[in-house]
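> Next come the chains, spelled out residue by residue.
There are 2 protein chains.
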Amino acid sequence: MVEVEKLKSVLRKTKSVGHSRYENSAEHSWHVSLMALLLKDHADDEIDINRVIKMLLIHDLGEIEAGDTIIYASETTEIKQQEGQGIRKLFALLPAKMEDEFNSLWLEFEAGETNDAKFAKAIDRVPPLLHNIHGEGHSWKLHNISKEKVFSLNKARIQGASHTLWEEVETELNKAVEAGALS
Amino acid sequence: MVEVEKLKSVLRKTKSVGHSRYENSAEHSWHVSLMALLLKDHADDEIDINRVIKMLLIHDLGEIEAGDTIIYASETTEIKQQEGQGIRKLFALLPAKMEDEFNSLWLEFEAGETNDAKFAKAIDRVPPLLHNIHGEGHSWKLHNISKEKVFSLNKARIQGASHTLWEEVETELNKAVEAGALS
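Which chain is which? The protein sequence lines are G and F, in order.
Sequential numbering of the first sequence, starting at -13, is according to my numbering.
Sequential numbering of the second sequence, starting at -13, is according to my numbering.
These aren't lab readings, by the way, just hints derived from the structure by calculation.
Watch out, some of these pointers could steer you wrong.
Identical chains blur together in the list; that is why a pair holds if it fits in one copy or across any two.
Claimed, not checked - Dumping the calculated DSS-like pairs for lysine-lysine here, alpha-carbon to alpha-carbon at most 25 Å:
hint	residue 1	residue 2
1	K141	K75
2	K161	K(-8)
3	K127	K141
4	K26	K83
5	K1	K133
6	K161	K1
7	K(-8)	K135
8	K83	K135
9	K26	K(-8)
10	K75	K161
11	K75	K127
12	K(-8)	K141
13	K83	K133
14	K83	K127
15	K141	K66
16	K(-8)	K133
17	K75	K26
18	K(-8)	K75
Use the sequences and the hints to build the structure in full.
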């Protein structure tokens, strides 16, 4: 209970809507868990929302060891290994049966191949887009992220789990382009 | 998705372990949701952990309107009304069926009578205790909270849902008394 508090000081790359500080990975984990619950009926494939929420509650715990990485960076093998090590170290604190269950769930999320993992990963993508859309593209501009990159990477991930969700996001992204937040 | 971001700026009354700033209600909501999942097998009564997690994901959303209140304060009817109004206003943004479901779930949590609500409320109590235990009783001292009040209020709530959890918490609280963090 104490160990995971460290996730509250892992800073992400965007500022939440209405906030001047960077978001941390703990509050982000809450946000996406709740969002998955609200948007569950828009998944294209059959999902088990309870498993999706569990994945999202734990999905960033590897960052306690490795830190947060912007999704547009090609994630190095080294960072992925650090996250995996961090997760295993953390879950080793749990009773054996629970340790196995949580390690599997995290690996399933990372692989992103099952319906549950695909939906969880799609939801995970949306808040940073909204932060940029409502925040003058602050993180896109800072990290020199092109319009092409934003559309292609997110379309693949989000549309792969929910066409409805991607349609909505695409509309908002187009407005951001018009407003000069993304170029 | 954007509206609930406001919970990230509702500050609570304790500082997380290892942090010099006050915790916000969004990261707290993540913490207790994850903790419920880890501690589910220690509930005295039969619970549905998926409902417990849903309750904990939404339990503090009324604070967007009303702000956070220390649990040792006698909560005024006015604050409770504000929270209830805030919740209804927020959930009115949802599709009707979901609005009803979430309103019911929040009311069930608030009433604290079902097994699921009792367990959720017990879990909700633990982090602020750990923050004080590991943080020289900072919030107990600032708000002049007595040892008697800490033990009696939390015993009732936590032991009422999990004897095992209360035993562990009691041991830690006794250490805090010995260390002079609580008097």
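> Indicate, hint by hint, whether the structure satisfies it.
Right, here's what the structure says about each hint:
Taking the closest pair of Cα atoms, K141 and K75 never come within 25 Å of each other, the shortest separation being 34 Å inside a single copy and 32 Å across copies. Taking the shortest Cα distances, K161 and K(-8) sit within 25 Å of each other only across copies (23 Å), while inside one copy they are farther apart (36 Å). For the identical chains of this complex, K127 and K141 are intra-copy neighbours only, at 20 Å inside a copy versus 51 Å across copies, given an alpha-carbon limit of 25 Å. Only between protomers do K26 and K83 lie at most 25 Å apart by alpha-carbon distance; the minimum there is 13 Å, versus 28 Å within a single protomer.
In this assembly of identical chains, the alpha carbons of K1 and K133 lie at most 25 Å apart only when taken from the same copy (19 Å versus 40 Å across copies). Taking the closest pair of Cα atoms, K161 and K1 come within 25 Å of each other only inside a single copy of the chain (19 Å); across copies the shortest separation is 39 Å, beyond that limit. In the homo-oligomer, the alpha carbons of K(-8) and K135 never lie at most 25 Å apart, since the shortest distance is 31 Å inside one protomer and 29 Å across protomers. Neither within a single protomer nor between protomers do K83 and K135 lie at most 25 Å apart by alpha-carbon distance, with minima of 41 Å and 37 Å respectively.
With identical chains, the CA atoms of K26 and K(-8) are at most 25 Å apart between copies only, with a shortest distance of 22 Å across copies and 29 Å within one. Proximity of K75 to K161 under the C-alpha cut-off of 25 Å is found in neither arrangement, the shortest distances being 43 Å within a copy and 27 Å between copies. In this assembly of identical chains, K75 and K127 lie within 25 Å of each other by CA distance neither inside one copy nor across copies; the values are 36 Å within and 35 Å between. In the homo-oligomer, the alpha carbons of K(-8) and K141 never lie at most 25 Å apart, since the shortest distance is 32 Å inside one protomer and 27 Å across protomers.
Neither within a single protomer nor between protomers do K83 and K133 lie at most 25 Å apart by alpha-carbon distance, with minima of 45 Å and 37 Å respectively. For a Cα distance limit of 25 Å, the shortest separation of K83 from K127 qualifies neither inside one copy, at 45 Å, nor across copies, at 40 Å. Taking identical chains as interchangeable, the C-alpha atoms of K141 and K66 lie at most 25 Å apart only when both belong to the same chain, with a minimum of 23 Å there against 43 Å between chains. When the C-alpha separation of K(-8) and K133 is checked against a cutoff of 25 Å, the pair qualifies neither within a copy, at 34 Å, nor between copies, at 28 Å.
For the identical chains of this complex, K75 and K26 are inter-copy neighbours only, at 21 Å across copies versus 31 Å inside a copy, given an alpha-carbon limit of 25 Å. In this assembly of identical chains, K(-8) and K75 lie within 25 Å of each other by CA distance solely inside one copy; the values are 14 Å within and 33 Å between copies.
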